[in-house]
Each structure stands twice: as structure tokens, then as C-alpha cells.
Amino acid sequence: MLITTELAEKVRVKRAKIQQTKKAVAEELGIKPQTYTKVENGDYDAPKRIYEAVMNWLVEDL
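According to UniProt numbering, the residues represented by the sequence shown are 1 to 62, in order.
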């Protein structure tokens with residue numbers, strides 16, 4: 001499932017807002033820091049599990 005550049009921007013904004021490191025967010029999502037970097041860069045065709053983890057993380061504040 002594609003993580004677009006727009007979605008990646010939302011991920012970066014949330015991480016900055018909560019003042020977490022990339023490593024800390026990656027651990028929270030259950031993914032490797034290298035994979036999290038791909039998420040933040042966007043245009044990443046993520047496996048379903050990673051996509052769902054990212055989406056759930058983004059909506060938990062709503």
C-alpha cells in the first residue's frame with residue numbers, strides 16, 4: 001500500500017509535534033528505523049501491516 005508524499009508529511013509533522021526521535025516512533029510502530037525513514041520519505045510501497053500501523057498511529061490523536 002502506497003505511502004504518498006502527502007501522508008509522509010503528516011507523519012513528519014506528528015513526530016515533530018510529539019518531539020520523538022525517528023527511532024522511538026519506529027519502535028512504537030514495530031518497524032525498523034530504516035523502514036521508518038522510507039515512510040517519512042514517502043512514495044513507499046509499504047506492506048499492509050506497516051501501512052496499517054502508520055495509519056493507526058496517525059489517527060490515535062483524532
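Hints listed in this document are in silico derivations from the structure and should not be mistaken for laboratory results.
Hints should not be assumed to be uniformly reliable.
Stated by the list, open to error - Once the Cα atoms are required to be at most 35 Å apart in a straight line, the calculated DSBU-like pairs of lysine-lysine come out as:
1. K48 to K32
2. K17 to K48
3. K32 to K17
4. K10 to K48
5. K22 to K32
6. K48 to K23
7. K32 to K10
8. K38 to K23
9. K14 to K48
10. K17 to K38
11. K22 to K10
12. K14 to K38
13. K32 to K14
14. K48 to K22
15. K38 to K48
16. K10 to K38
17. K22 to K38
18. K23 to K10
As the list claims (entries may be wrong) - Here are the computed distance ranges between Cβ atoms for each label pair:
19. T5 to P47: 28 to 34 Å
20. E60 to E6: 17 to 23 Å
21. N41 to K17: 14 to 20 Å
22. K17 to T37: 15 to 21 Å
23. Q19 to P47: 24 to 30 Å
24. Q34 to L62: 16 to 22 Å
Glycine included, each C-beta is placed from N, C-alpha and C at the ideal position.
Structure-based check of all given hints:
With a C-alpha separation of about 15 Å, the suggested pairing of K48 with K32 holds against the 35 Å cut-off. At roughly 26 Å between alpha-carbon atoms, K17 and K48 fall within 35 Å of each other, so this suggested pair holds. Among the hinted pairs, K32 with K17 is consistent with the structure: their alpha-carbon atoms are about 21 Å apart, no more than 35 Å. A C-alpha spacing of about 18 Å is found between K10 and K48, which places the hinted pair at or below 35 Å, so the restraint holds.
Taken as a hint, the K22 and K32 pair is honoured in the structure, with Cα atoms around 10 Å apart against an allowance of 35 Å. Restraint check for K48 and K23: the C-alpha separation of about 21 Å stays at or below 35 Å, so the hint holds. A threshold of 35 Å between alpha carbons decides the hint, and for K32 with K10 the separation of about 19 Å falls inside it, so the pair holds. The hinted pair formed by K38 and K23 meets the criterion: a straight-line CA distance of about 13 Å does not exceed 35 Å.
With a C-alpha separation of about 21 Å, the suggested pairing of K14 with K48 holds against the 35 Å cut-off. Pair hint K17 plus K38 holds up; C-alpha atoms about 19 Å apart against a cutoff of 35 Å. Proximity of K22 to K10 is assessed by CA-CA distance (about 14 Å); at most 35 Å being required, the pair is judged to hold. The hinted pair formed by K14 and K38 meets the criterion: a straight-line CA distance of about 16 Å does not exceed 35 Å.
Distance restraint check for K32 and K14: the Cα-Cα separation of roughly 18 Å lies within the 35 Å cut-off, and the hinted pair is therefore satisfied. A distance of roughly 20 Å separates the Cα atoms of K48 and K22; the hinted pair therefore holds under the 35 Å criterion. Our distance criterion of 35 Å between C-alpha atoms is met by K38 and K48, whose separation comes to about 15 Å. Using a Cα cut-off of 35 Å, the hinted pair K10 and K38 holds, with the two alpha carbons roughly 14 Å apart.
Our distance criterion of 35 Å between C-alpha atoms is met by K22 and K38, whose separation comes to about 11 Å. Among the hinted pairs, K23 with K10 is consistent with the structure: their alpha-carbon atoms are about 17 Å apart, no more than 35 Å. Between T5 and P47 the C-beta distance comes to about 19 Å, which lies outside the given range of 28 to 34 Å. With their beta carbons about 19 Å apart, E60 and E6 fall inside the hinted range of 17 to 23 Å.
Separated by about 19 Å at the C-beta atoms, N41 and K17 satisfy the suggested range of 14 to 20 Å. The hinted range of 15 to 21 Å is satisfied by K17 and T37, whose Cβ atoms lie roughly 19 Å apart. Roughly 28 Å separates the CB atoms of Q19 and P47, a value that falls within the hinted 24 to 30 Å. In this structure the hint that Q34 and L62 lie 16 to 22 Å apart at CB is violated, the actual value being about 28 Å.
Of the numbered hints given earlier, the model fails hints 19, 24; all others are met.
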